[in-house]
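These protein sequence lines are chains C and R, in that order. Under numbering that gives the first Met the number 0, the first residue of the first sequence carries the number 0, and numbering increases by one thereafter. Under numbering that gives the first Met the number 0, the first residue of the second sequence carries the number 0, and numbering increases by one thereafter.
Careful: at least some of the hints might be erroneous.
One copy or any two copies: either way a pair holds, since identical chains are not told apart in the list.
[Unchecked claim] Keeping only pairs whose Cα atoms sit at most 20 Å apart, straight-line, the calculated SDA-like set for lysine to any residue is: (1) Lys237 - Asp208; (2) Lys79 - Val282; (3) Lys379 - Cys300; (4) Lys348 - Pro203; (5) Lys79 - Pro167; (6) Lys79 - Asn281.
Keep in mind the hints are simulated off the structure, nothing from the lab.
There are 2 protein chains.
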Amino acid sequence: MSGTFVIAQGGGPTAVINQTLAGALTAIRGRHPGIRILGSRHGVRGLRDGDLVDLADLSESDLARLARTPGAALGSTRDKPDARYCELVLKGLRAAGADAFIYIGGNDTAETQRIISEACGGAVACVHAPKTIDNDLVENDHTPGFITAAEFVAGAFAGADLDFRSLPGVYVGIVMGRHAGFLTAASAAWRMDLEGAPHLVYVPERAFDRKRFVESVRAVLSRRKRCIVAMSEGVSDKEGRSLVEGLVAPELLERDPHGNVRLSGTDLGQAVERILAEDLPNVRARVDTFGYLPRCHAGICNETDRSEAFDAGAFAVQAAEEGSFSVALQYDGKVTRPVAVSLSAVAGKTRHMPEDFLLPDEDQISEACAAYLSRLLPGKPAFLPPFA
Amino acid sequence: MSGTFVIAQGGGPTAVINQTLAGALTAIRGRHPGIRILGSRHGVRGLRDGDLVDLADLSESDLARLARTPGAALGSTRDKPDARYCELVLKGLRAAGADAFIYIGGNDTAETQRIISEACGGAVACVHAPKTIDNDLVENDHTPGFITAAEFVAGAFAGADLDFRSLPGVYVGIVMGRHAGFLTAASAAWRMDLEGAPHLVYVPERAFDRKRFVESVRAVLSRRKRCIVAMSEGVSDKEGRSLVEGLVAPELLERDPHGNVRLSGTDLGQAVERILAEDLPNVRARVDTFGYLPRCHAGICNETDRSEAFDAGAFAVQAAEEGSFSVALQYDGKVTRPVAVSLSAVAGKTRHMPEDFLLPDEDQISEACAAYLSRLLPGKPAFLPPFA
Chain C
0 MSGTFVIAQG GGPTAVINQT LAGALTAIRG RHPGIRILGS RHGVRGLRDG
50 DLVDLADLSE SDLARLARTP GAALGSTRDK PDARYCELVL KGLRAAGADA
100 FIYIGGNDTA ETQRIISEAC GGAVACVHAP KTIDNDLVEN DHTPGFITAA
150 EFVAGAFAGA DLDFRSLPGV YVGIVMGRHA GFLTAASAAW RMDLEGAPHL
200 VYVPERAFDR KRFVESVRAV LSRRKRCIVA MSEGVSDKEG RSLVEGLVAP
250 ELLERDPHGN VRLSGTDLGQ AVERILAEDL PNVRARVDTF GYLPRCHAGI
300 CNETDRSEAF DAGAFAVQAA EEGSFSVALQ YDGKVTRPVA VSLSAVAGKT
350 RHMPEDFLLP DEDQISEACA AYLSRLLPGK PAFLPPFA
Chain R
0 MSGTFVIAQG GGPTAVINQT LAGALTAIRG RHPGIRILGS RHGVRGLRDG
50 DLVDLADLSE SDLARLARTP GAALGSTRDK PDARYCELVL KGLRAAGADA
100 FIYIGGNDTA ETQRIISEAC GGAVACVHAP KTIDNDLVEN DHTPGFITAA
150 EFVAGAFAGA DLDFRSLPGV YVGIVMGRHA GFLTAASAAW RMDLEGAPHL
200 VYVPERAFDR KRFVESVRAV LSRRKRCIVA MSEGVSDKEG RSLVEGLVAP
250 ELLERDPHGN VRLSGTDLGQ AVERILAEDL PNVRARVDTF GYLPRCHAGI
300 CNETDRSEAF DAGAFAVQAA EEGSFSVALQ YDGKVTRPVA VSLSAVAGKT
350 RHMPEDFLLP DEDQISEACA AYLSRLLPGK PAFLPPFA
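Work the whole structure out from these sequences, hints included.
Printed below as a string of structure tokens:
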């Protein structure tokens, strides 16, 4: 390669997306000394609009600081380019003299790479490097960004459990996850003991039923005097309607200019609070919306996540020397390592939680799920249970 | 002293309320070897109901684990005993042969100690040991539990700032604080640079105005393309009405059986989302409710807070040898140390943020506030700003 590497970051940022950028930069400098390295700002927008930054002069110490900084150093985008947009991106790649384009992001980002790689017929090596807190990329055992977000959620529920053993009541933590429940399931990763939180887990993969929810909360309350619930933002009823649509009178729903119901954590939180207030009156209840905190909190970062994210970026450079690929983190029973898979295997596809990650008759995670979480998050704090 | 020490924890738990318990236990064992030590479960309820645990046999390793466990190991209570209830508590203290009663909690807990100490005429040394994430105890430079909660909030906003530099929009973080804005102001403790978050800070000490809020957000957005807002749960308008009362049609307000409007973070979050959707349509906006996370998240604990909380508990034992007091953390310009003050100086009183902690014409913290926060939270992460 003699031309230029271009790197960009797309989709929701994570705590370690800059580790992947740093890994790629480090590998490029090591394997292609002196080659030009450009960053495209705000994902492929930068290539489309000519908004590029020269990354070659980044000092070692700045690179180390960048690697440990949450959020996307190159900015990000939610744009999902169609063929026309991709043509403009390709134009930008050609104008930059790009040999290779590394795009760090989720399944939409992989799809963008797939379109561009087909459009340019191999002239540019288009590599997708994985990233998402939702853990919903196929071909991956887990994805960069997930473990740190999961550690945040695990710590939040371990703490909430103790808080509600102190002052009993109902607590609902609303966790991001439109399609996949992995991050919500992570609430159980650091469960203290058999009666620990979360007592109930609601994920997008299973239809939500209001009556069953209330009965379950009531049952847990009578047994344990408290009830801690983990709930995904993406839960919906058996008709596929989001919870808020099922619960709020139509004229009160927030709608965007197209008439689509606006979904957000706060809407769901409100809906859940109303259910509890109506069906379990006089029970102390609190609903918190974690929102973006698991993906950006400056105080939480998992070292395994950091190094895997870095390695994924470094591997993306090696992959780019061979052609267009998606980098996937795969686990062989002993170690996790990045491998190259085809873009079409990953592009636009969503991984859901395996069915056996939930118990069949309870809204609770299974042993299989607990084992998976324990492998990724072994650092459970050694707390002392309160005095009985 | 030859009888018994009784210890209890009251009010909302924190990350370090068990450090205070551990400090007290350690000091009692050291200064009064062999004396009986009883824990009253769920605050003074345990004394009222005869629900006491023997703390003498707690091993050193369990004590160390307990100290680092969030939440209240003895359970807690929100009971605010009147004179009658206090009589029953006093009866319990006598039945236990108590020489001294150490009650760890906030200003309501101090008030309970004040009532009991007066009722028993000095027969029992009633000591209040400080605790609150709200930092609203008078006589205290800052309170055990505050620094850890503030570190959580600081890390959340430092991260959100970077997240929203990646994908611009409006972000509102709702922080607990019914009466005092210290915890909300802590959102600025780790501000990255002059254009860092939070851009707007709304606290209970200043009347909230919807129009001014929207204009401020609009101004920040046009200047910075993003706007990060920190808002206390306790903000109210100039009539003293909570935000949600001013914004939501009366028939839609959640009410308790007494007809009181139920206030919660989610209600406020919803109200703020509605304001933004109505007055700034088509602007990407996200509202998260931190709720209890700052006080219990298992992954965040500040070492200064830990040791100060421990020392406050140890000092409470010394104070109890002299009589009935409130322990306060005071700063002499160089170091923070616990001192004994009168119970009536602290009982039932709420400290508000000093007026000079907010800029007069902006909804933003002042240099004085920034200096205070910097003294308590010096560990600002060394992040690299995104590429411009």
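Hints, verified against the model:
1. Lys237 - Asp208: within (8 Å within a copy, 42 Å between copies)
2. Lys79 - Val282: Between. Shortest inter-copy distance 19 Å satisfies the 20 Å Cα cut-off; intra-copy 45 Å does not.
3. Lys379 - Cys300: both (14 Å within a copy, 15 Å between copies)
4. Lys348 - Pro203: Classified as within; 16 Å inside a copy, 47 Å across copies.
5. Lys79 - Pro167: between (46 Å within a copy, 16 Å between copies)
6. Lys79 - Asn281: between (47 Å within a copy, 18 Å between copies)
Comparing the model with each numbered hint stated earlier shows that all of them hold.
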